[in-house]
Amino acid sequence: MKGTNLGEFEELVLLTIAALGQEAYSVAICDELERYTGRAAKLGVVHAVLNRLEEKSLAKSYLGEASATRGGKRKRFYEVSQAGKAALVRSREIRDNIWQTISGLNLEGLS
Amino acid sequence: MKNARQDETPPQWAVNFLRWYCRPRLAEDLEGDLYEYFQRNVTEKGLRRARWIYAIDVLKFLRPYTIRPVQLLTFLSHFIMLSSYLKSSRRNLVRNKLFSFINIAGLAVGLSVGLLVIAILTDLLAYDQFHEKKDRIYRIVTHHQGHGNPEMKLASTSVKAGRQIRADIPGVEEVTVLRSGFGGDAQIGEKKIPVEGKWADNSFFRVFSFPLVAGDPKTALKEPYSLVLTEQTAHKLFGDDNALGRTIRFDSLDYTVTGIAEDVPHQSHLRFDMLVSFASADATIGKKQPDFYGWDNIWQNYVYLTLPPASTPAAVQPALDRLSAAENKALHNLKLTLSLQPLSRIAFSKGLNNNIGPTVDPLWLWGLGGLALIVILSACFNYTNLSVARSLRRSREVSVRKVIGARRSHIIGQFLTESVIIALASLLIAFGLYIFLRKEFLSLAPDITEMVKLTLSLRTILYFVGLAVAVGLAAGFLPAVFFSGINALTAMKNAPVFKPVRRIGLRKVLIITQYTFSLIFISTTIVGYSQYKKILNFDLGFTTDNIINLKLYGADPAVLKKDLAGLPEVKGISQSMMVTSLGSFFGFTVKYLPGDSALVWENRVDEHYLPLHGHTLLAGTNFTLRPEKGQESEVIVNQQVLKRFNIGGQNPRKAIGQFVTVDGQKLAIVGVMKDFNYGTLEQKIGPVMFRYTRSDPNGFLNLKVATGDIAATLVKLDEVWKKYDKVHPLNARFYHEQIEAAYSRYAILMKVIGFIAILAICIASLGLFGMVVFTIETRMKEVSIRKVLGAGEAGLVYLLCKSFLVLLVLAAAIALPVTYLLFDKLVLPQFVYHQPIGLAELLSGSLLVMFFALLMIGTQTAKAARVNPTNVLKGE
Chain A
1 MKGTNLGEFE ELVLLTIAAL GQEAYSVAIC DELERYTGRA AKLGVVHAVL
51 NRLEEKSLAK SYLGEASATR GGKRKRFYEV SQAGKAALVR SREIRDNIWQ
101 TISGLNLEGL S
Chain B
1 MKNARQDETP PQWAVNFLRW YCRPRLAEDL EGDLYEYFQR NVTEKGLRRA
51 RWIYAIDVLK FLRPYTIRPV QLLTFLSHFI MLSSYLKSSR RNLVRNKLFS
101 FINIAGLAVG LSVGLLVIAI LTDLLAYDQF HEKKDRIYRI VTHHQGHGNP
151 EMKLASTSVK AGRQIRADIP GVEEVTVLRS GFGGDAQIGE KKIPVEGKWA
201 DNSFFRVFSF PLVAGDPKTA LKEPYSLVLT EQTAHKLFGD DNALGRTIRF
251 DSLDYTVTGI AEDVPHQSHL RFDMLVSFAS ADATIGKKQP DFYGWDNIWQ
301 NYVYLTLPPA STPAAVQPAL DRLSAAENKA LHNLKLTLSL QPLSRIAFSK
351 GLNNNIGPTV DPLWLWGLGG LALIVILSAC FNYTNLSVAR SLRRSREVSV
401 RKVIGARRSH IIGQFLTESV IIALASLLIA FGLYIFLRKE FLSLAPDITE
451 MVKLTLSLRT ILYFVGLAVA VGLAAGFLPA VFFSGINALT AMKNAPVFKP
501 VRRIGLRKVL IITQYTFSLI FISTTIVGYS QYKKILNFDL GFTTDNIINL
551 KLYGADPAVL KKDLAGLPEV KGISQSMMVT SLGSFFGFTV KYLPGDSALV
601 WENRVDEHYL PLHGHTLLAG TNFTLRPEKG QESEVIVNQQ VLKRFNIGGQ
651 NPRKAIGQFV TVDGQKLAIV GVMKDFNYGT LEQKIGPVMF RYTRSDPNGF
701 LNLKVATGDI AATLVKLDEV WKKYDKVHPL NARFYHEQIE AAYSRYAILM
751 KVIGFIAILA ICIASLGLFG MVVFTIETRM KEVSIRKVLG AGEAGLVYLL
801 CKSFLVLLVL AAAIALPVTY LLFDKLVLPQ FVYHQPIGLA ELLSGSLLVM
851 FFALLMIGTQ TAKAARVNPT NVLKGE
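If you read the protein sequences in the order shown, they are chains A and B.
All letters in the first sequence, in the order written, are residues 1 to 111 by this note's numbering.
All letters in the second sequence, in the order written, are residues 1 to 876 by this note's numbering.
So here's chain B without its partners, still in its complex pose (with noise of 0.2 Å):
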């Protein structure tokens, strides 16, 4: 047998696990006899089979006869030794009062920023749990796939899907149809007053839990025109009023209130001030439109179903899709399937579109959780850092304890006591920064007040708690293990307690990652800030300067231009179905060819719109002449449209006069424009077509207006409206609010990523701050003999500078391309229209970082230079 080389040990944390849990009387000879083996099995397997095979030796040999006892004493005297470990932990803060405020500061930072994600994290998993029935709660999605067009998901479906599973698919236990949409004025008496609702059917109550404080859940929405409100419409429409069996005049129908329920929960994704009873969406639209009960009727209803308490949706799905195998017989170039949503996963809908609540990617979440990981964790690396740093100090304490009978578990125990007290401390602080971030957070966007509350629970101070007490055990973690395993007799001798390497070697490793991660934070941001500022510039095609948005909300076009007209402010007015590169879209089939169709995006607008927004005709003239509505004849397109179709070889002149089919009319192409950005700069420019309207009063006027006093315009703007309209408020923007509106996300995501770097270079600063002072420190009589042989103060400063200036190089280094990487491949590509990274705004945030830095570490420096080297000597 060879003998085992120095290098051909067994793996150690097996030999310690043994040394750990073995009785002290067998541990040494079994320890003898699994090397033995283990030498043997290297000669003859090889190195790693060998230490593999010892690993699980040792494992298999933790049986009963093996295990060390639990020795009670050991136990106990933790709890003995509290006091003391509490005294000397509060000394210890008040000793090195720099070092405790860093270390409290920075762990308080990042503590604020996990509270505030365990708050919104707490409220978001609370979504729609109130629910009885909420495990078996599913909701029907709808996945549309037509020719051509990527596959695109719908939370809504149609409601024929709802009365098919009802009716043919065994297994589902019941099912409820809701229709979004109903609006209009609630007429009661001489009063009116604005009211939006949703349709339901009568087992929306069997399905979900709202309770009814009057009425009768059964059959509250059974009847034709009954309906239910919320306490809170029923008290603004009918104040104290019992409202029960009330009628409310919508248009020109009555409808009689059969229920009245508590109000919504905040934490549901369904919100409703009033629900109809689907019954007379039957009557008032169903009769009506043939296309209601279509199956491709898909956009504006839901359907939402319970399964028997033992049931999975794989079990129903078979007969979904034999549902919409059947059904898509009938549609040409389309195909609709269904899927069951669990409730549970609605408000963290990803990729849905017409969704009926907030909902929240789980990606954010996934995101700002990592943020906040890293800020906390850059926290934690300062309180390692500084405590590791001066072991020098504490290695006495520890050694005497140790002589005088502390078992390495007693230290551990020791050091992670005051890691927790110090969080704790600082969860004091970091609460009150909850309670400010929370505030800021909240005010960042409507959309996260819709989505979560953040009020505080008995849970959530619990959590709050934990997640400090958490901090603590990680920040005290590496500390607690290098002191327990300080040797007494070398620490009282004065030598140094660790191999300086390896020391030093993580204290390095962690200031880089610290700053590489607050570089990429700023970088990040100032790259973000940019492109982003880049995007609303962005030249989409046509001109949105100066222009006011008014929404006419049923108001008559005709009157109330003629009417606008009249003010000097005013320079033209136009008027469009909708607001095109906002991100919402309203399309119509198109033919051109037999067999052949496709999707094109359209908007309706009058004779003015194209020239007030700069539209660029390539082809043709605009809209000549002026149909009524259902008349029209004429449509414009775009160059995409041509390039679809093929129309007149992808020649704009060529394709004038050429026919298409929309909706059932054969509209004359009139004029050809240039491509421009109907939807969001993330999406590729499809085909458009621009119908003729002029009646509509369900859109908007586009205002050109004059520059100059805005608010006063607004004021006269406003003036007007109220004479044509006195329920609904003003609802006019300025066009370049709207489209900085469409992205607002994108704002909100660089707030939140510019917050975090702050942060982030806040506790990195601080941690190389205390890295600095303690070098320096320790340096000092270096330093005073250096100055005492005729050192310059420059040569000084370069010295104590050098090795920290390493660091921040390198991890600049490591930051720059990082971000670069990820803006290049992550961020970027998610637009389809953008410019390129500058380089000026890749490194201004590094260099900022890097200069304060430097300042902070030359000051520093500079001082310790400029002491007077007697006063350092003259005590030794």
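Okay, chain A solo, but in the shape it has when bound (with noise of 0.2 Å):
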């Protein structure tokens, strides 16, 4: 299963992702996530799965174009690729099924 099992984690960053669409970057993924989550999103940790999303090729990336504030450095924009939605639609299924399979979970203790 390794290589295209996906961890919470990576599930989260790779929706974001695909959120994000074309101004999917490091920095807006983190911010984005923040927003999402309400967690603190470290850029050191969001890079790290980036990486290893590419390297499971669930993700592509590309370098935009230069811009004064970032120091004249470029961009690495991601997208999710064809494995990547693959991934995320079965892993939404997983959840899906199970969830049919609970009946009448008692949620009113949650508000």
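Just so you know, these hints were derived from the structure itself, not from any lab.
All residues carry an ideal CB built from backbone N, CA and C; glycine is no exception.
Do not take every clue at face value.
Here are the simulated DSS-like cross-link-like pairs (lysine-lysine), alpha carbons at most 30 Å apart as the crow flies [as the list claims (entries may be wrong)]:
#1 B:Lys825 x A:Lys73
#2 B:Lys562 x A:Lys60
#3 B:Lys60 x A:Lys56
#4 A:Lys73 x B:Lys493
#5 B:Lys722 x A:Lys73
#6 B:Lys60 x A:Lys42
With the C-beta cut set under 10 Å, the calculated list includes, among others, these residues of chain B facing chain A [to be verified]:
#7 Thr9
#8 Asp33
#9 Glu36
#10 Gln39
#11 Glu44
#12 Phe61
#13 Arg63
#14 Thr66
#15 Arg68
#16 Pro69
#17 Phe75
#18 Glu632
#19 Glu634
#20 Gly649
Looking from chain B toward chain A, a few residues come up when the C-beta cut is under 8 Å (computed) [unchecked claim]:
#21 Asp29
#22 Glu31
#23 Gly32
#24 Lys60
#25 Tyr65
#26 Glu740
#27 Tyr743
#28 Tyr746
Work from the hints to combine the two standalone chains into their complex.
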């Protein structure tokens, strides 16, 4: 299974890439993740995950145009690859299947 | 988000580090990411914190997936290119003969001092390292805290301490007690040979590893009247005969040789020709003097112990403190405490009195090391300066290499190789200089020869090469960084390679540093020397003119005196137990009023001593009675004694006739003399008393001799001496020579600093010369054009000299106040009695150096100014 399996954080990062569309580069991903989860997303962690996703061919990257704001350094934009999309869909299916088996889960205690 | 201003940049080193380690694929966007966060942090948390976070982040990103893999090819190509580096280095050396000479000569001079320091250090660090239990051997150090006196630390301790530790303190493996001062004439048949030795108890060979060639180490020092000889002593006493089991007579007692030890290695703080069993000391001295085993008899005995392997001195210290506390109860106005000193520190003991072997103050070593470092750095500065100055020429070569494909690391490698080669070449010359330096250094003083031998070993040679390589790398570092940073394109276009301001700034700073140190050294030498002369001629409070002190060695003073008085050259003779003002002290506890006692330094003299030495009596008379030993009743004291005990309200006249108790005897004060320097000028004048003696055979005769043929006088003295003592050679020295010897360490210090000063000046001058030649070379066209346009020679010389003059003046402006403060705040306060620093002595050294520097600059610039401009300009 190794190579295609998605860890929880990997899934979150991959979803964020998809959500950001054209603007998915490391700093933006961190910011978005922080907005979604409410937890601080450290660049060091996210950067490592992005690198791993790319190694697993779940994401692709390309360098963008140089801009003055980053000291003249180009951004590396990420997009979800075909395999990545498949992995996302698959992990959602697994969850949905499990959710369906739970009948009448009492969620009243949670607000 | 506001835009970061120009100066709000992340730390450059962190950026460089990131670029260096990061995979090229990841580097660019990662740097961008970090920069983006950095800008955010600047606005949110301020520049300082942002820079800090940036640096931390760079370090945090040092992970396996970001690190650039080692490129084997780049690595290998260094080796492949080595021959090319060597070739271009060699060509460069030959092409610039003057600069190569300056570099090699400078580095050689610097290195030679470095070699000397390394040789000294290796020798000293090897001290006492041959003992098997070297890490576990400790010596007992006694802290002597008398009432109202500063604490005194002694290497010696009491026999009692050794015995108590052995009996009562658990956690101590072995204890051995030593006593110094066994001496006398060994009598074998009719032969008499003086030998000195130490008493040592039977544990000695269990603590220390001095191998025996004959005899049993377990029992050799057990029985009374047994002794162990070293091989050399055995040979001296018995020739080639077997010495084991033979009998040697000292005075009236027969001792048996029970062991022959190998000769003591030079690098041992414990040195002996002979060891006598401690049981003999017990039998000869201990039985007769009850004080022998006293807790406060701490002057002649040494206790060494070994701890078990896992133990530490801290584990034993509480037990030692308890022991001292219990024993101190019996003492009045005195506290003795014990502590342990590791064997490896003994040779470097600082501030310890009664040392048993040679010691060296670590401060000396640091000082010497520091001086060597300054000289070496100065030579490195020359190299850096001249290499960077010639950058215009070498930059083409570098840019060609870069265009062909050299990486920055290649260029760095090339320049470092070059500097290391030059350093190694200098090492050969430095070694020759070192051989000379070593001889000079060892002949500076007998103490030095006793301390170090400086023999060459494979280890020291390896250190030498190591030093040369290190110096090469240090010298080549800045040029390597400069050259490797060259932009190939700009260099090819013949534009200036570096920002000229920065380059010249660095060079100026280096020259100023060199000259500052040189000037400090030279003025220190001159001020120090004149202070030293002033110390030697200081008015001690009595006269030392034309006085020869003759050591008696047990000869009968009365007979010898009569014979010596017959010589026409001898104008007067007195007798004394010791020679004052040389730094040795001998004292007794004196009581005046009940309950108040203090240590008073003493000398025992006869009635001729005071007039012969010109001591001034403020009140009272010289000794009037001539008692035999043990029946004395008179004492002469100095003003400090009156002050200490408040005798007669400190009025000398009223003090006459008062009684003080010394050594159990009541002595009447018959005279009060003016204060004089009993110790050296480093010590404050304290209470001193003179007691009467006339038959002490272990003291000195003080001979007042006529000025004239000194050598002939000494020959005559020798003739007389030989009649009375055939064993000991004549030991007669002029008082002023002895005083000189007492301050010899300052003389040595002056010689060493003076020598370093000369080296530093040589190196700095070489460097300055190189810079002057170079500057003139590059400005030759400018000079010629100015000349064509009508500039006069004087004007041109001034133009070329000006910048160097400023540097020299700046160096002097730093060096002179530093030297003054150095002496005023650090050196002279060592002496309680000293004289102020003269302006002339402070300035003269600097003026001399400046004069030579100016001469050098002047002649070179004048030569340039006289050149016919057509010769320079016709090539254009």
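Going down the list of hints, with the structure as the test:
no.: 1; hint: B:Lys825 x A:Lys73; in the structure: violated, 57 Å
no.: 2; hint: B:Lys562 x A:Lys60; in the structure: violated, 114 Å
no.: 3; hint: B:Lys60 x A:Lys56; in the structure: holds, 23 Å
no.: 4; hint: A:Lys73 x B:Lys493; in the structure: holds, 29 Å
no.: 5; hint: B:Lys722 x A:Lys73; in the structure: violated, 96 Å
no.: 6; hint: B:Lys60 x A:Lys42; in the structure: holds, 11 Å
no.: 7; hint: Thr9; in the structure: holds, 8 Å
no.: 8; hint: Asp33; in the structure: holds, 5 Å
no.: 9; hint: Glu36; in the structure: holds, 5 Å
no.: 10; hint: Gln39; in the structure: holds, 8 Å
no.: 11; hint: Glu44; in the structure: violated, 14 Å
no.: 12; hint: Phe61; in the structure: holds, 6 Å
no.: 13; hint: Arg63; in the structure: holds, 7 Å
no.: 14; hint: Thr66; in the structure: holds, 8 Å
no.: 15; hint: Arg68; in the structure: violated, 14 Å
no.: 16; hint: Pro69; in the structure: violated, 15 Å
no.: 17; hint: Phe75; in the structure: violated, 26 Å
no.: 18; hint: Glu632; in the structure: violated, 89 Å
no.: 19; hint: Glu634; in the structure: violated, 91 Å
no.: 20; hint: Gly649; in the structure: violated, 84 Å
no.: 21; hint: Asp29; in the structure: holds, 4 Å
no.: 22; hint: Glu31; in the structure: holds, 5 Å
no.: 23; hint: Gly32; in the structure: holds, 3 Å
no.: 24; hint: Lys60; in the structure: holds, 5 Å
no.: 25; hint: Tyr65; in the structure: holds, 6 Å
no.: 26; hint: Glu740; in the structure: violated, 71 Å
no.: 27; hint: Tyr743; in the structure: violated, 66 Å
no.: 28; hint: Tyr746; in the structure: violated, 61 Å
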